[in-house]
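Undergrad: Quick note, the sequences are listed as chains A and B, same order.
FYI, our numbering numbers position 27 of the first sequence as 27, with every residue one higher than the one before it.
Position in the second sequence (from 1) plus 335 gives the number in our numbering.
Careful: at least some of the hints might be erroneous.
What the hints assert, rightly or not - Here are a few chain A residues that face chain B, going by a calculated C-beta distance under 8 angstroms:
1) Glu312
2) Glu314
3) Val316
4) Ala335
Said to hold, decoys possible - Below, computed lysine-lysine pairings styled on BS3-like, alpha-carbon distance capped at 30 angstroms:
5) Lys272/A - Lys469/B
6) Lys305/A - Lys569/B
7) Lys475/B - Lys305/A
8) Lys269/A - Lys475/B
9) Lys305/A - Lys539/B
10) Lys269/A - Lys589/B
11) Lys285/A - Lys469/B
12) Lys191/A - Lys434/B
13) Lys539/B - Lys616/B
14) Lys589/B - Lys191/A
15) Lys589/B - Lys272/A
16) Lys616/B - Lys191/A
Said to hold, decoys possible - Partial selection, computed: residues in chain B whose CB lies under 7 angstroms from chain A:
17) Ile439
18) Asp483
19) Val514
20) Arg516
21) Pro520
22) Ser522
To be clear, the hints were calculated from the coordinates, so they are not data collected in a lab.
Note that the Cβ used here is the ideal one computed from N, Cα and C, for glycine as well.
Okay, here's what each chain looks like letter by letter:
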Amino acid sequence: MKKKIGYLCTYVPEEILHAAGFLPVRIMPGTTPPTRADAHLQSYTCCFARGCLDLALAGKLNDLAGVVFTHTCDTMQGLADIWREVFPHLLVETIVTPVTLNSPHAQKYLVAELRRFTAALEKHFDVRVTDDALRASIRAYNARRRALADFYAHRAEFSAVEWFNVMNTALTRPPEEFEMPHSAIENQKSKIGLVLLGATIDEPTLPQILDDLGARIVADDFCNGARYFDTLVAEDGDPIEALATRELARAACPCKHRALDNRIERVLKLVKEHRADGVIFYHKKFCDPHAWDYPPLAAALDREKIPHLLLEVEQVAPLGQTRVRVEAFLEMLSA
Amino acid sequence: MTQEYWRWKEYTWRAPDVSWQRGSIITAGVDVGSVSTQAVVMVDGKLFAYANRRTGFSSPDSARRAMESALEGTGLTIEQIHYIVGTGYGRVNVPFAHKTMTEIACHARGAHFLYGASVRTVLDMGGQDCKAIKVDAQGKVVNFLMNDKCAAGTGRGLEVIADLLQVPIEEMGELSLQVEREPEPVSSTCVVFAKSEALGLLRKGWKKNQVLAAYSRAMALRVAALLRRIGIEKEFVITGGIAKNIGIVTRLEKELGIAARKPNFDTQIAGAVGAALIGKKIIEER
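Excised from the complex, chain A in its bound form (with noise of 0.2 angstroms):
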């Protein structure tokens, strides 16, 4: 069985650890409460830094030869200098990814950032990373894309915990492992359709409640979710420079930049071409990247008069909480 090497973030290139001979696993939360995690990180750190903490504390990520980490938000940044500290004996990397992602130094810096992760990573597992074995995992990556787009394009007769289902486990499997799920929606009670938008989503609440209430996700914005396999990767040329070009191209996250009104163009087309109903902003309570965010979007919203819901969440959403808002939504969507 392959070794496998955890990332915490999308903008890791899972191409570059599998053509290195690794199996790349995005690390989650689990959902049962933090104990360990606290003794390392303040109070106002997000549910999700401190979940993966504590699952690697707890010795449940002790299958892993190595973590890698981007720069994206403060938390992500000071996470990595913990998990250093805590797993002196572990490969523990950071890519630093450009934050303007159209800067006219963001393509060639990029890929030398991209570089030096390689040859740090061939360096400590005295591995070698070739262009050929780096084509094959684009291609891999691709199909995997690819057949995730595919799966949204029928997403309508899935439910939502099915979605989040296929979702979570895509990221921790290897690539030619995809395989669409048989089953589809009965009983459907509602047609309102909602768009959801966050970081990461990862425990099931908010899409049973979703599925008990009738209601269906007609598209995402979510890491783990319609941003993860956004935008395919070049299969020919420089395979590096084909990796870069896709980082930056791809559907960006609050913690990048391309030009203000970005995401928030994003979001509307989102609304607009799959007829949503309403938005849910399903945010971990502080996630400073999606709070700041939020405002504007929230005027976006408010001004094509598109309903919107803020749910802020802890590790897990509280179910009765978490439903009567959810509810009352609905309810305000249908009357």
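Following the hints, position chain B against chain A.
TA: Structure of chain B alone, referenced to chain A:
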């Protein structure tokens, strides 16, 4: 037995001039909240009877008890009611309900009925949470926000302070206003921490009315922050149990610079009234 200062009066009300036998649409709303349960029976859209009871640990029992109290002596039975809507935290556990709606939709509709169609902002201050609701001229929800931190701005928090200070809960509001100078608010937003803080003030020699003033002021400020996030539009009204606390209402009005319309009914029944009216609409649309 020691006095239970937190205990508010349970009661039943009957309309003197409404007959269910002559009515054509009889509907009811049952609002099983975290602290109190109300059952409201309406005949052709008019208030016929209601009961307000404390919620027990079993939602179905609480719902039944409130409903039976409301109907007691009227000759009307649960089975004869054409449509019953359950609402509140225990809404899915009202065994005799035909439908459930959230308390947000019901308080909006109920406030629209009780205070009139000019209502645009409803603040529901309940037992364990607090909701700011924007409504349209039809009593429909346009937008809403709920408190997401703790119970400091809620009825349960008041009950805790009533017990600590040994002041009957229904007298707290009045007493809190009997201060010469308004003290600084307690700073904690958690009931347990606020209680510790109140205890600290007592030890420093503060009088009960001063501590109550500090606690009530903190509640008013927290709720004002919630309302400002959603935006306050006139007419502004308050529903739920805390609307009966003059100390908190007065401070909230002062903080916001806007007067809340004064009710001439029990503000705790708004949710159940809304539920009964939503039931009536369903019958009419059949």
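Undergrad: Indicate, hint by hint, whether the structure satisfies it.
TA: Cross-check of the supplied hints:
no.: 1; hint: Glu312; verdict: holds, 6 angstroms
no.: 2; hint: Glu314; verdict: violated, 10 angstroms
no.: 3; hint: Val316; verdict: violated, 15 angstroms
no.: 4; hint: Ala335; verdict: holds, 5 angstroms
no.: 5; hint: Lys272/A - Lys469/B; verdict: holds, 25 angstroms
no.: 6; hint: Lys305/A - Lys569/B; verdict: holds, 21 angstroms
no.: 7; hint: Lys475/B - Lys305/A; verdict: holds, 16 angstroms
no.: 8; hint: Lys269/A - Lys475/B; verdict: holds, 28 angstroms
no.: 9; hint: Lys305/A - Lys539/B; verdict: violated, 53 angstroms
no.: 10; hint: Lys269/A - Lys589/B; verdict: violated, 43 angstroms
no.: 11; hint: Lys285/A - Lys469/B; verdict: holds, 25 angstroms
no.: 12; hint: Lys191/A - Lys434/B; verdict: holds, 19 angstroms
no.: 13; hint: Lys539/B - Lys616/B; verdict: violated, 57 angstroms
no.: 14; hint: Lys589/B - Lys191/A; verdict: violated, 44 angstroms
no.: 15; hint: Lys589/B - Lys272/A; verdict: violated, 43 angstroms
no.: 16; hint: Lys616/B - Lys191/A; verdict: holds, 22 angstroms
no.: 17; hint: Ile439; verdict: holds, 4 angstroms
no.: 18; hint: Asp483; verdict: holds, 6 angstroms
no.: 19; hint: Val514; verdict: violated, 34 angstroms
no.: 20; hint: Arg516; verdict: violated, 35 angstroms
no.: 21; hint: Pro520; verdict: violated, 22 angstroms
no.: 22; hint: Ser522; verdict: violated, 17 angstroms
In this structure, the hints that do not hold are numbers 2, 3, 9, 10, 13, 14, 15, 19, 20, 21, 22, in rising order.
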